[in-house]
Amino acid sequence: MSTVTGTPDRTSGTPAAPSDVPVRANTARLLRWWPAVVLVLLIVAPYSALPLPGLLDGPLGSPGSLQLLATCLLFGALATGYDLLLGRTGLLSFGHALYFAAGSYATNTIMLEAGLPFAVSAPVGVCFGIALALVLGSVSLRVTGIGFSMVTLAFAQAGSILVSRNPGGFTGGEEGRAAPAELLPSGLVGIEHTANLYWVALGYLVLTLAVVHWAVRSPTGRVWEGIKENERRVEVLGLKPYGFKLTAFVLAGALAALGGLVHLLLTGGSTPQTTTSDFTLSLLVMVVLGGSGTRWGPMVGGILYTWADHRLGDLAGSGAVADLPAVLRVPLSQPLFLLGVLFVAVVHLLPGGLARLPSRLAAVRRGPVATETPPAVKARKENGRP
Numbered sequence: 177m178s179t180v181t182g183t184p185d186r187t188s189g190t191p192a193a194p195s196d197v198p199v200r201a202n203t204a205r206l207l208r209w210w211p212a213v214v215l216v217l218l219i220v221a222p223y224s225a226l227p228l229p230g231l232l233d234g235p236l237g238s239p240g241s242l243q244l245l246a247t248c249l250l251f252g253a254l255a256t257g258y259d260l261l262l263g264r265t266g267l268l269s270f271g272h273a274l275y276f277a278a279g280s281y282a283t284n285t286i287m288l289e290a291g292l293p294f295a296v297s298a299p300v301g302v303c304f305g306i307a308l309a310l311v312l313g314s315v316s317l318r319v320t321g322i323g324f325s326m327v328t329l330a331f332a333q334a335g336s337i338l339v340s341r342n343p344g345g346f347t348g349g350e351e352g353r354a355a356p357a358e359l360l361p362s363g364l365v366g367i368e369h370t371a372n373l374y375w376v377a378l379g380y381l382v383l384t385l386a387v388v389h390w391a392v393r394s395p396t397g398r399v400w401e402g403i404k405e406n407e408r409r410v411e412v413l414g415l416k417p418y419g420f421k422l423t424a425f426v427l428a429g430a431l432a433a434l435g436g437l438v439h440l441l442l443t444g445g446s447t448p449q450t451t452t453s454d455f456t457l458s459l460l461v462m463v464v465l466g467g468s469g470t471r472w473g474p475m476v477g478g479i480l481y482t483w484a485d486h487r488l489g490d491l492a493g494s495g496a497v498a499d500l501p502a503v504l505r506v507p508l509s510q511p512l513f514l515l516g517v518l519f520v521a522v523v524h525l526l527p528g529g530l531a532r533l534p535s536r537l538a539a540v541r542r543g544p545v546a547t548e549t550p551p552a553v554k555a556r557k558e559n560g561r562p
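First residue of the sequence shown? That's 177 in this note's numbering, and the numbers climb one at a time after it.
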């Protein structure tokens with residue numbers, strides 16, 4: 177009587193050494209804690225003077241570096257919320273920026289016109305963004321597929337035009353409106369409080385990840401997955417996809433409106449660029465770059481895209497690029513060209529986004545998996561049968 181002394185090796189089919197089993201188990205257990213380790217490192221980052229040449233202009237804890245990191249965290253969270261529509265429910269919306277801008281503009285307008293402090297204006301601004309998502313979502317979701325995308329695009333264009341026309345002087349037109357510093361929390365105003373703004377952006381990211389993770393693992397999240405795979409099958413099961421899709425739409429809009437508040441604090445005002453459909457297209461690129469429908473992919477894509485958008489602009493205007501021949505200097509001096517090349521390279525080399533990179537590296541390290549012919553198939557082949 178023989179006993180199995182190890183788990184089968186995936187490449188050779190032979191049992192692994194018994195001593196390898198606890199090592200692999202301990203490694204897997206430690207890997208589960210990497211989000212907590214990263215979170216702790218992000219929390220203490222403002223206290224660090226670690227220089228990161230090439231990645232940041234100054235030390236890690238300098239105001240300029242923290243401002244860039246806070247912006248990256250903000251858009252990482254925003255892309256994660258947007259993926260509730262694209263990656264979890266299969267809804268391609270071109271108007272998500274509208275709710276982000278609604279949270280910022282509504283809060284800023286209330287402070288400027290009514291003279292209410294930020295603590296009072298912020299909840300009203302978020303509620304306005306949620307109400308706007310509920311109204312426009314209930315209309316947009318009456319159609320499906322490309323029709324839904326076109327309706328959301330139309331709403332986004334209408335919102336962008338409305339902001340640029342500056343009705344009643346409430347939006348500031350193409351220049352936007354600066355937030356009243358005296359009505360903002362004193363601990364979030366001024367360059368000396370950049371670390372506090374960084375922690376606010378980090379808190380927004382953690383909250384968004386927690387809400388999305390909870391929503392996806394809930395019964396409603398499982399219905400979203402079914403809608404993405406086959407909406408007709410969900411209807412056959414006796415469920416009404418419209419209500420579930422509207423829930424995803426409003427939840428994503430609420431997270432975007434909350435992100436608008438963080439953006440208002442980081443930039444000190446509301447800008448019309450956040451109302452355009454190009455802004456939503458940037459979110460789409462972030463999600464695809466990181467990996468749509470994955471837990472960490474949209475966040476990674478949002479952080480990387482935002483960092484590259486800022487740093488490649490500096491590279492394009494650097495002296496090193498200016499000294500190149502014209503055939504290289506002209507394309508490399510365009511940040512959008514560099515971002516486009518980066519995006520195409522990732523999509524071509526890493527289908528599924530950056531979130532698939534660890535599994536692909538593991539597959540390459542394991543090599544081709546050896547498979548054995550089942551006994552029944554082997555017997556048929558020996559007998560000359562297919």
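There could be a bad hint or two in this list.
What the hints assert, rightly or not - Taking lysine to any residue pairs in the SDA-like style, the calculated list, with each CA pair at most 20 Å apart, reads:
#1 K404 with S394
#2 K404 with L383
#3 K416 with V520
#4 K404 with G321
#5 K404 with G266
#6 K404 with V319
#7 K416 with S314
#8 K416 with L310
#9 K416 with V382
Hints are computed from structural coordinates only; laboratory data are not their basis.
Here the structure is a predicted model, which is why all the values come from computation and not from measurement.
Status of each hint after checking the structure:
In summary, the hint linking K404 to S394 is supported, as the alpha carbons are separated by about 16 Å, within the 20 Å threshold. With a C-alpha separation of about 25 Å, the suggested pairing of K404 with L383 is violated against the 20 Å cut-off. For the given pair, K416 sits about 38 Å from V520 by alpha-carbon distance, which is inconsistent with the 20 Å threshold. For the hint linking K404 to G321, the alpha-carbon distance of about 11 Å falls within 20 Å, and the restraint holds.
In summary, the hint linking K404 to G266 is supported, as the alpha carbons are separated by about 5 Å, within the 20 Å threshold. Under the criterion of a C-alpha separation no larger than 20 Å, the hint pairing K404 with V319 is consistent with the structure, at around 15 Å. For the proposed pair K416 and S314, the alpha carbon gap of about 14 Å is at most 20 Å, so the pair holds. A C-alpha spacing of about 17 Å is found between K416 and L310, which places the hinted pair at or below 20 Å, so the restraint holds.
Taking the CA atoms of K416 and V382, the gap is near 31 Å; set against the 20 Å cutoff, the hint is violated.
Consistency note: the structure conflicts with the earlier hints numbered 2, 3, 9.
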